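> Which chain is which? The protein sequence lines are H and D, in order.
Taking the working numbering, the leading residue of the first sequence gets 1, the next gets one more, and so forth.
Taking the working numbering, the leading residue of the second sequence gets 1, the next gets one more, and so forth.
Bear in mind the hints are in silico, worked out from the structure with no lab data behind them.
Any given hint could turn out to be false.
[Claimed, not checked] The calculated lysine-lysine pairs, modelled on DSS-like cross-linking and capped at a C-alpha distance of 30 Å, are:
1) D:LYS154 <-> H:LYS207
2) H:LYS154 <-> D:LYS171
3) D:LYS154 <-> H:LYS166
4) H:LYS154 <-> D:LYS207
5) D:LYS171 <-> H:LYS200
6) H:LYS200 <-> H:LYS71
[What the hints assert, rightly or not] Below, a sample of chain D positions facing chain H; criterion: calculated Cβ distance under 7 Å:
7) GLY44
8) ALA46
9) ASP134
10) PRO139
11) ARG142
12) GLN180
Bear in mind that the values here come from a model prediction, so they are computed numbers and not experimental data.
Backbone N, C-alpha and C define an ideal beta-carbon position, used for all residues, glycine too.
2 protein chains.
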Amino acid sequence: MVQNKKRPAAKAGAPAEPKRRGRPRAYEPEVALGQALALFRRDGFAATSLDDLSAATGMNRPSLYGAFGDKRELYIKAYQRYREDYGATVVEIFKADLPIRERLRQFYDAALDIYLLGGEGPRGCFTVMTVASDAIVDPEIRAMVLEGFQDLDKAFAWCFRTAVEKGELPKSVDIAVLAQMASATLYSLAIRARAGIPRKQLEAIVKGAVELLCGSKAG
Amino acid sequence: MVQNKKRPAAKAGAPAEPKRRGRPRAYEPEVALGQALALFRRDGFAATSLDDLSAATGMNRPSLYGAFGDKRELYIKAYQRYREDYGATVVEIFKADLPIRERLRQFYDAALDIYLLGGEGPRGCFTVMTVASDAIVDPEIRAMVLEGFQDLDKAFAWCFRTAVEKGELPKSVDIAVLAQMASATLYSLAIRARAGIPRKQLEAIVKGAVELLCGSKAG
DNA sequence: GGGATTTATTGCGAGATGGTACAAAATAAG
DNA sequence: CTTATTTTGTACCATCTCGCAATAAATCCC
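Could you build all of it, start to finish, from the sequences and the hints given here?
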């Protein structure tokens, strides 16, 4: 679980740091943040201790503290990282010029990748986890997740609006309702994924949802 | 937060306990369990301490332990209590002979009552909270929530099946898909409620969902 | 090489946490 | 009244928790 300490320069494309002054860091903040995120996604805020985080990142507690602040700040930064990481994937799918059904399918498929993760077990959606935890009493955190909800609704609304404009869907559909239901489908996938329901079944849910949302006519 | 200690006999209808032997209890287990549930619903498993539970129930820790076992067992019992309590409400709505749209509306409305609770703040769905927490790694707990999901899907499927049989919905609808989407709607309500979205907006979601699920023809 | 600067490491401390031992208290049975 | 039984209340333990101070190490600038 410790960071592979590859000192010799990060990426070629990176901003080529202008040489720091003192003792060099033994960790790369971005890597550490990713490892912290993985831990938070598994156990949630309260059940993740600083010792756990320290072990997972390979940083000792004071370094953690110096780099990210206290546990709450680290959680917030990890959440922002989560959004940035997976927001990028989403944007890509939205950029592509796809029929609505295909776009939705790809979107949900990408979401399942995130929710089911690699080997260690399903993790679900970090936003949902945050809402469901005690962290939700924190106004700043609540504001962040509310923004996440709105973004998602807006993204889906955009999907359906362009589909109507392209004539894929009848003008009579209620875009706001479709968007809300598409969001609901995503939450449902997140929850069921984390509960351990296998991918095959989740994909069946996606299929059914897309049919219902777009009408069952075309493939 | 302490129990009102009303010793003189519980309810008239109760099984009239055959006189216990030793020192009488200073608490009523069912009341205490309800208070523990309220606390778990607010903060989740990890963030709820035995001291918190002790304070909320008015029982000291050894009594808590003696009555319900350790924290995990108490959580499980609280979850079962949650299901029993609100399962009853659901059954009632299902027993009534209602048109599908009205049935769904009443169902979601009852759910919102549970998710938004009385004064102190929205609590969401305890099943969703459990899935989103670290408690989900516990096989017994995971099995319980999976059972909850199945029960819900089955209940909704029954709703739509009878609606088709009564001619309220066309025979062409896919009952399984409708049930899954109805469940998804419920999860969405639970999450959004806990995130602090006001009831008006949640009711608008219900309205839209019912329209989409049942077709927008009748009211 | 000699500071200055930044980071790493050790380790502490005050308090919380889950769980339990043990004696005191309150009741029913004999 | 005495004893058996059950629960309460106090106190305790070992461990974990978060955060920080103090010191050691590694690098850059001069």
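> Sort out whether LYS207 of chain H lies within 30 Å of LYS154 of chain D, counting only the CA atoms.
Holds - the C-alpha atoms of LYS207 of chain H and LYS154 of chain D are around 19 Å apart, at most 30 Å.
> Hint PRO139 of chain D vs chain H: min CB-CB distance below 7 Å?
violated, 9 Å
> Is the Cα-Cα distance between LYS171 of chain D and LYS200 of chain H 30 Å or less?
It holds: about 26 Å lies between the C-alpha atoms, which stays within 30 Å.
> Given GLY44 of chain D was flagged as interface, is its beta-carbon under 7 Å from a beta-carbon of chain H?
holds, 5 Å
> Does LYS154 of chain H pair with LYS207 of chain D here, judged by a C-alpha cut-off of 30 Å?
holds, 19 Å
> Sort out whether LYS71 of chain H lies within 30 Å of LYS200 of chain H, counting only the CA atoms.
violated, 37 Å
> Using 7 Å as the Cβ threshold, decide whether GLN180 of chain D counts as touching chain H.
This hint holds: GLN180 of chain D lies near chain H, its Cβ roughly 5 Å from the closest one there, short of 7 Å.
> Is LYS154 of chain H close enough to LYS171 of chain D, meaning Cα to Cα at most 30 Å?
Not satisfied, since the Cα-Cα distance of roughly 34 Å exceeds 30 Å.
> Does the CB of ALA46 of chain D sit less than 7 Å away from some CB of chain H?
holds, 4 Å
> LYS154 of chain D and LYS166 of chain H were given as a pair; does the straight-line alpha-carbon distance stay at or below 30 Å?
violated, 37 Å
> Hint check: is the beta carbon of ARG142 of chain D less than 7 Å from a beta carbon of chain H?
holds, 6 Å
> Does the nearest C-beta of chain H fall within a distance shorter than 7 Å of the C-beta of ASP134 of chain D?
holds, 4 Å
Violated hints for the displayed structure, listed by number in ascending order: 2, 3, 6, 10.
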